[in-house]
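Peer 1: Residues per chain are reported as follows:
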Amino acid sequence: MGEKRRGITADLSGWLVYAAVTLFVLMVGSIFLTVLLNSFASSWFGGWLPDEYTGKWYAFAVNEFSLWRVLLVTLIVALSVTAISLVVGVPAAYALARRRFRGKSLVLGLLILPLLVPPITYGIPLATMLYEYQMAGTVAGVILANLAPALPFVVLIMTPFIEQIDPNLERAARMMGAPTLKVFTRVLLPLAVPGLLAAGLLVLVRTVAMFELTFLTAGAGSQTLVVALYYAAFSAGIRPGQSIDAMAVIYMATTLVLLIAALRFVNPTNMVMRVR
Amino acid sequence: MSKMMSRWGIDRNLLLLLGPALVLVVALFVWPFLYGIGVSLTPGPGREGFLSNYAAFLGDVRERASIWNTLWIAIPVTIANVLVAVPIAYRMRRPLKGQRPISAVFVVPMSLGVVLVAEGMLTFFGPAGWFNKVLLTLGVVNEPLQLVHNYIGVLISLFIAEFPVVFLILLGYASGIDPNLERAGRMLGAGAWQRFSRITLPLMMPGVAIAAALSFVATFAVFPSAVLVGEPAGATRVIALAAWQAAYERFDFGEASAIAITMAAIELVCVAAILLGRSRLYRGPTGGGKG
Chain A
1 MGEKRRGITA
11 DLSGWLVYAA
21 VTLFVLMVGS
31 IFLTVLLNSF
41 ASSWFGGWLP
51 DEYTGKWYAF
61 AVNEFSLWRV
71 LLVTLIVALS
81 VTAISLVVGV
91 PAAYALARRR
101 FRGKSLVLGL
111 LILPLLVPPI
121 TYGIPLATML
131 YEYQMAGTVA
141 GVILANLAPA
151 LPFVVLIMTP
161 FIEQIDPNLE
171 RAARMMGAPT
181 LKVFTRVLLP
191 LAVPGLLAAG
201 LLVLVRTVAM
211 FELTFLTAGA
221 GSQTLVVALY
231 YAAFSAGIRP
241 GQSIDAMAVI
251 YMATTLVLLI
261 AALRFVNPTN
271 MVMRVR
Chain B
1001 MSKMMSRWGI
1011 DRNLLLLLGP
1021 ALVLVVALFV
1031 WPFLYGIGVS
1041 LTPGPGREGF
1051 LSNYAAFLGD
1061 VRERASIWNT
1071 LWIAIPVTIA
1081 NVLVAVPIAY
1091 RMRRPLKGQR
1101 PISAVFVVPM
1111 SLGVVLVAEG
1121 MLTFFGPAGW
1131 FNKVLLTLGV
1141 VNEPLQLVHN
1151 YIGVLISLFI
1161 AEFPVVFLIL
1171 LGYASGIDPN
1181 LERAGRMLGA
1191 GAWQRFSRIT
1201 LPLMMPGVAI
1211 AAALSFVATF
1221 AVFPSAVLVG
1231 EPAGATRVIA
1241 LAAWQAAYER
1251 FDFGEASAIA
1261 ITMAAIELVC
1271 VAAILLGRSR
1281 LYRGPTGGGK
1291 G
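Protein sequences appear in the order of chains A and B. Heads up, the first sequence is in this note's numbering, so the first residue is 1 and it goes up one at a time. Heads up, the second sequence is in this note's numbering, so the first residue is 1001 and it goes up one at a time.
There are no misleading hints in this set.
Among the chain B residues that face chain A by a calculated CB cut under 7 Å, a handful are:
(1) L1018
(2) P1020
(3) L1028
(4) F1029
(5) P1032
(6) I1088
(7) P1109
(8) G1120
(9) M1121
(10) F1124
(11) L1228
(12) A1240
(13) A1247
(14) A1264
I should point out that these hints are in silico values taken from the structure, not numbers from a laboratory. Here the structure is a predicted model, which means the values were calculated and not measured. Note that CB positions come from ideal geometry on N, CA and C, so glycine has one too.
Whole structure, please, built from the sequences with the hints as guidance.
Peer 2: Written out as structure tokens, the structure is:
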């Protein structure tokens, strides 16, 4: 009897989880679905579904929001931030994983801080400084600003990953006479590829979604998709709502592609920062 | 000098590996931050005294209210996230069909970001949106609920954006707890609630603290959704918005920096309090094993 009752309660709690997940999916799913439907609606007044469908808002969004340029800027910014933070961050992660030195906890603290304090707190002075160096509003300025949280993020993700790689492999390669550079490129890097992919994709996704720093440093010609979307939504009323939703759908599609790529390589529980 | 450095374990290779990253973090984070502190201590036009920018912010009732507005958003969202995520993560630590798709589902809104969620919410939760339509059809309400352009709207959008992070962290912690510990509790006669509250929950608490800290960090910095689905002139005029308005609407960079530094200080104090609470909790192995 006791055994049977336990089976039923376990099922019940399982169903409660499914119910909660369904509710969440239903809510988030319908939010996205309304955006999608509205972007194809020629008009939608009060009914359950739009009255008629059209594709003209996408053409409108492409012209009105100079979408191709915005997409290109987003791509350039996201890829540059990812590349630079990997190239600079991985050696630093290696040093933190393999070496003991004085001031190591200071370095770690320095790397955690940019991920903790709100971006707007250092974004405003950073924007002012970029302005003084005539870099405000340029794509280079946006890339620099986005590096501030992206680089520490890569270092903190890659450090435990490199710790897992057996140091004996490097020692063996060294003993057989491989120079440092060769140890790095032929032994370490191939072993670190899964971690590099994970860190790279996560930084890519985060940079595409990063609002505050880009918002503070971008000019008219260096907006990324998320900032352009914010401006469009902020000035709603000037342009038809459907064209803003078309923009939102394009943003959603971009991030979803990146996300699906990321999920192929990363376990969802590792998507969040690993802090111990 | 070099002798001391070698005693500290610092050599040329270490500097080569670590140097570029440190230079970038100092140039792009530490320097701007110190510069911001400097600007915040430089009196703006018509002000005197090195704390006058802070006095301008904290002395104005409307400006000061932005601090409470932010906390009044960040704290309830963080608590709600944890309260909903703990039981789900607790259940999902045992095998459940569709575990991977379920966790994947939660990742999606996390990376979509608050701007998109806010934009979608305007239609979905609007007076003619599906949510109100369903409620009206079912007869739950007589007239549409006002769910956007107010405080509730910001709460909903932040809950959607931050719940995944909290859930995934807690899931990571919960699945690291050895099920044998609960089995042992059951053999010793503990009921289901006792096993949860006396065994698993205490072991999950460090994860709860981390998740709450990260959720607080993200919600405390709320900016776009406070403008888009909130009431930016009233109840959801948050600190980030106050700082932005001071800088780019009034061009008062002194007060803007003072607001930004105050914001960082309040946030770091809150996070430190959460993490300090964590360090007082049980820390140790969550696996069984022989001991």
